[in-house]
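Protein chains in written order, with our numbering: chain W, -18 to 292; chain Z, 135 to 428.
The hints are simulated quantities; they were obtained by calculation from the structure and are not laboratory data. Do not take every clue at face value.
Anything over 10 Å on all C-beta distances counts as not near chain W; from chain Z, calculated [claimed, not checked]:
| no. | residue |
| --- | --- |
| 1 | Pro201 |
| 2 | Ser207 |
| 3 | Phe350 |
| 4 | Arg372 |
From the structure, some residues in chain Z lie toward chain W, with a derived Cβ separation under 8 Å [as the list claims (entries may be wrong)]:
| no. | residue |
| --- | --- |
| 5 | Val163 |
| 6 | Leu166 |
| 7 | Ala169 |
| 8 | Trp180 |
| 9 | Leu181 |
| 10 | Thr251 |
| 11 | Pro253 |
| 12 | Lys255 |
| 13 | Met267 |
| 14 | Trp296 |
| 15 | Ala299 |
| 16 | Ile403 |
| 17 | Tyr416 |
| 18 | Ile418 |
We treat Cβ as the ideally placed atom computed from N, Cα and C, and that holds for glycine.
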Amino acid sequence: MARKWTRYPKKTFYAFIGPWAIGFVLLTAVPMLYGFLVSLTNFDGSSPRWKWVGLRNYLELFNDGDAWAALGRTMAFTAIVVPLSVAGSLGLALIINRRLRAVGLWRTVFFLPSVVPVVAMAIMWKLVFNKDAGILNAVLGVVGIGPIDWLVDPTVFYSLITVMLWGLGGGMVIMLAALQGVPVELEEAAVVDGAGRWTVLRHVTVPMISPILFFQVITMVIGSLQIFVQPLLLTNSSGIAGAGTVPESNRMYMVQVYQEFFLSNRFGYGSAMLWIFFIIILGLTMVLLRSSRSWVHYEVDTDAEREGATK
Amino acid sequence: MTVTTRPRAQRAAPPTSHTAKNRRRPATVYILILALSIFFVGPFLWLVLAALKTPAEWASLPISVLPEHAQWSNFVAALTDMNFLGYAGNSMILATIYSVLVTLSSAAVGFGFARLTAPGKKALFVVILSTMMIPQILTLLPTYVLFSRIGMVNTYWPWVLWGLAASPYLVFLFRQFFAAIPRELEDAAIIDGAGWLRMFFTIFLPLSRPVLITSFLLSFTGTWGDYIAPALFLDLDRTTLAVAITAWYQDPHGNVIPTVQAAGAVMYIIPVLLIFFFTQRYFIRSAVGSGVKG
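Chain W extracted, bound-state conformation (with noise of 0.2 Å):
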């Protein structure tokens, strides 16, 4: 009876992994399948006279001017975002990597924001940003700028932007620890062949960093075509945040979707929103993979070069 000894019994590595695959289906495959059937429904989300409506809830939104302009403006929103994060994360970064005094100070002043609780975050800025009190306005108010409403239609927009990238901590750290793992006497050496910094960040540094540059395109464009919380909460109205108060300029996707379910009760045809979106976002995600081979850098065999270096 006695059985062979194995090293790696098949059956550990499953029960192993087996929380997150039990998680997986019902967490995630189930309700996915799930909101699919009810995307091909007219459920309001609770009564029981539900019917099958085939794809008519898919073939509606592809007549939906207010679901498209949503689109649009999150597609806007992202590609604005996306690049001033990007950049602005690394700019922090670059300038937390030089040799400062406290620059520990610095790197937490910088980083703290991105912690943050949304709620709390929003509360803050809607602090900032009021049109009487904030003291965005006073301190505008000092140079003669009139005061100005930053959470109505169209400023809203940007002020979604600024608070967006005020959080833009959390990429600075992995962006430090990127440019800490890019050798100095590669830098170095491109300073005594007469390139000036900028000539270095670009051709040098920038290259070197770029799966992470790209890793943080990728993180950053699905968080932003995703965005919801932010918007329903930065508005001028109070209680209880809703996606009917969410000014024009802020309805996201997610913002119409959310309006879909709770305002209108309809689930069937919220859930067609979620796959299309889902279609979307998995579409945009293939293109920039595929993007990636012609600008992110792979170092292949850092040891091999530094050997061959030295010979």
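Keeping the supplied structure of chain W fixed, place chain Z upon it in accordance with the hints.
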């Protein structure tokens, strides 16, 4: 403006002036840092100042930056206008349940991917990495619809399940850590007759203390700060502080009292800030682990 024009001037300059440039640069850098610090810290200060003003001071024109007398009564009001401590307790329970469970399950799954092997391991790892790319909110709404039909809405069960299911990101963090541990340690334990389960609990788990702490802190602050899941899944009486401070603190006309809400928000973020100040290196470690090896 000086910031953008300077590098160009440098490029034109001959390489010999390099040291001279470096000596001149810090002043501009410190001015830039100061400006950035105002941007990053300013909102905190303004929040605290608002929490210390009377409503009249807050609304006065022209703006009075400092309150005449610090209004500590705002904090009393924030604690008593709603059941602040009750909501804080809900947040605490929910965050603790989720963080403990997700840390243990992610450690186990990470261990499996790092040290064990079986057919299908590679494919499963690709699946786990790609789930990191699925936007959370896309699964959250269908999960809500599903859970509301099986009576799991307005309970803490969803957090228990999410905790048990492990988080792909934390799994990745643990996998990286466990994969770097020398094989000799494993061999020694096998010779001593330890099975994988015992090995995991008595050798690998204690070794991974820094990752355990990182994972716990990240999930704790994450759950403490989460707005959308409690807003969707929990009614106002069972919800967390994050939702409660946006929903209460209203005058009889239904308008939020900004000074009291600011006081509530200050108390709401204090735990996060304390955790952050004392454990910053763990947060940095997680960011580093995700970026460099991702």
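Tell me, in ascending order, the numbers of any earlier hints that this structure violates. When the structure is compared with the hints, numbers 7 and 17 turn out to be violated.
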